[in-house]
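Chains A and B are the protein sequences, given in the same order. Just so you know, the first sequence maps onto residues 4 to 336 in my numbering. Just so you know, the second sequence maps onto residues 4 to 336 in my numbering.
Relax, there's no trap hidden among the hints.
In this list, chains with the same sequence are indistinguishable; a pair is considered to hold if it fits within one copy or across any two.
DSS-like, lysine-lysine: derived pairs with alpha carbons at most 27 Å apart:
{"id": "1", "residue 1": "315", "residue 2": "250"}
{"id": "2", "residue 1": "250", "residue 2": "294"}
{"id": "3", "residue 1": "332", "residue 2": "315"}
{"id": "4", "residue 1": "250", "residue 2": "42"}
{"id": "5", "residue 1": "42", "residue 2": "199"}
{"id": "6", "residue 1": "332", "residue 2": "294"}
{"id": "7", "residue 1": "199", "residue 2": "189"}
{"id": "8", "residue 1": "149", "residue 2": "199"}
{"id": "9", "residue 1": "149", "residue 2": "33"}
{"id": "10", "residue 1": "42", "residue 2": "294"}
Calculated directly from the structure, the hints in this document are not laboratory data.
Protein chains: 2
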Amino acid sequence: ADAIHKAVAHCELPAGVFAHLHGQSHEVGKQLVTHRYTKAVGFTGSYGGGKQLFDWANQRDEPIPVFSEMGSVNPVFLLPEKLSQSAEAIADMYAGSITLGVGQFCTNPGLVFGIKGKDLDTFLARLGRGIEAVAPANMLHEGIAKSFHESRAKALQQDGVNLVGTTTMEATTAQGIPTVATTTAKHFLANPFLHKEIFGPYSLVVQCHDADEMLAAARHCEGQLTSTLMGTAAEIAAHDDVVEAIKNICGRLIVNGVPTGVEVCLSQHHGGPFPATTDARFTAVGADALKRFARPIALQNWPDSLLPDELKNANPLGIWRTVNNELTKEPVV
Amino acid sequence: ADAIHKAVAHCELPAGVFAHLHGQSHEVGKQLVTHRYTKAVGFTGSYGGGKQLFDWANQRDEPIPVFSEMGSVNPVFLLPEKLSQSAEAIADMYAGSITLGVGQFCTNPGLVFGIKGKDLDTFLARLGRGIEAVAPANMLHEGIAKSFHESRAKALQQDGVNLVGTTTMEATTAQGIPTVATTTAKHFLANPFLHKEIFGPYSLVVQCHDADEMLAAARHCEGQLTSTLMGTAAEIAAHDDVVEAIKNICGRLIVNGVPTGVEVCLSQHHGGPFPATTDARFTAVGADALKRFARPIALQNWPDSLLPDELKNANPLGIWRTVNNELTKEPVV
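Whole structure, please, built from the sequences with the hints as guidance.
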């Protein structure tokens with residue numbers, strides 16, 4: 004907040020354009036979202052908080068849009084040929100991604116699906132050893148760390164869930180404990196708790212019997228910010244049913260990478276189907292994020308002199324415009 | 004529905020892509036909107052129906068977007084210089100616009116604001132005579148006609164509302180009765196009933212004391228599909244407070260025209276702030292209407308051969324694309 008206040012002053016924006024309010028309960032948020040001058044809301048945080056703001060906004064006399072980005076488990080699908088080529092390299096990459104920022108990235112890969120066999124065993128063994136070597140670190144605040152410890156303990160107690168590896172170093176109550184566990188697709192499909200995000204450095208590797216079971220698991224995943232596919236071009240082409248299922252649930256689909264890097268660029272889409280966000284049509288990162296707080300207006304038969312520069316016939320800004328269905332920088336004559 | 008079924012067959016679209024269901028109550032709509040396979044809803048009709056669908060959709064376990072277009076009073080603002088130049092021509096134009104399609108266009112101009120004086124008197128007298136000469140005609144169905152007759156009677160009984168002109172011809176109960184009434188801005192500001200749409204060939208001319216009272220009236224209008232400004236370029240420039248107030252409430256702003264023509268083109272925006280629609284960011288008419296039923300997805304690090312043609316490096320479709328922040332038709336090399 005201090006940094007933003009400095010930036011506001013530096014850019015000579017109106018004082019009061021930014022405010023930072025504290026509060027232990029949802030009451031501050033409720034007042035803000037239900038105030039009649041509020042026209043749109045952006046939010047990043049928990050499902051409970053984000054969904055509550057969305058509900059309040061829709062219950063207003065004049066409903067307003069709420070862009071809640073509420074987290075995601077960001078499933079990763081390991082296809083067999085790719086895994087047989089580079090199980091250990093993928094494991095190393097994911098040991099880093101799972102624990103990046105103490106697992107607090109909203110694009111943290113919390114679920115990894117693979118097909119049972121010796122390549123997945125190799126991947127798991129290497130990933131376990133990688134996680135053991137990662138030091139615990141402070142989470143954003145103590146409340147988040149407490150919640151992580153509770154959820155992690157609950158997850159490891161679920162029927163059919165087995166620990167693969169956890170840090171060998173001592174952790175304080177304020178720290179996240181790097182952890183990877185595994186289960187079968189059968190348990191995953193039967194237990195909705197295993198679909199949920201555990202906010203912090205925890206991931207679950209789900210072992211599928213075959214490609215059909217992986218497809219069933221993909222179809223059971225809820226809406227996500229990202230999904231990732233590790234596969235050769237040939238096997239991605241051969242698994243178009245899995246690809247289609249994953250496309251249906253996510254806002255960004257990565258091939259042979261990790262979801263944790265979120266670049267601020269025009270092609271970024273940081274959003275996804277509910278419950279990842281409350282509005283899958285908008286992004287929270289990249290230039291298009293501005294569109295959350297804008298709406299179109301058509302100006303018909305306006306005097307040229309009164310139009311904004313972007314729309315004047317002479318195109319004084321020299322920008323690309325669509326005129327009579329054609330993109331052009333030419334003036335309208 | 005028959006025409007669309009023929010088009011579906013002609014275009015060889017999948018059978019079942021279109022269905023037409025009847026029902027007297029909202030129950031059919033409720034079943035459709037709350038079904039878990041339904042992902043988005045478009046609606047045109049009354050506020051009661053559209054808002055109810057919106058509420059049901061937001062109460063689902065997985066909320067879905069609802070694009071309800073719920074009607075609009077489409078206010079027209081007559082600035083004095085323009086009115087003094089062409090009061091009778093404007094009156095003739097509006098006599099036609101108010102009664103076009105028996106006043107059932109969602110962009111029907113239901114409210115006209117002017118500043119008291121002899122030019123507005125000239126306008127009113129001419130508009131009254133114009134309306135008297137328009138024949139009654141059948142409305143969409145008897146229920147709509149019944150509702151029009153009731154609302155029209157109620158409107159004419161409101162305190163401070165006076166009849167300006169109504170058709171001189173006999174109307175059946177199935178027909179709309181062309182009608183124009185007038186009131187003062189004081190009555191308009193005090194009586195929310197006068198802000199509401201009367202669906203059919205009825206308009207209310209609101210007489211303002213001066214430009215300040217016209218500004219107050221503009222600021223009291225609810226969200227609209229369109230607003231219209233009749234004015235010379237000089238006086239539009241001089242009334243930027245009124246222009247700003249009108250921009251804030253509408254999706255399309257017309258200068259020196261009528262709102263009733265809705266062209267299907269790229270620059271069309273047929274939408275507007277609540278309660279005109281439930282989502283001011285989308286249009287129900289024009290190419291962008293498709294965006295109501297689409298959502299973005301980013302494909303990261305995909306093998307070129309598996310990308311859709313629109314995204315392949317070679318640009319086989321030869322379309323405009325944004326590459327490294329520049330619009331181009333060139334291939335990516």
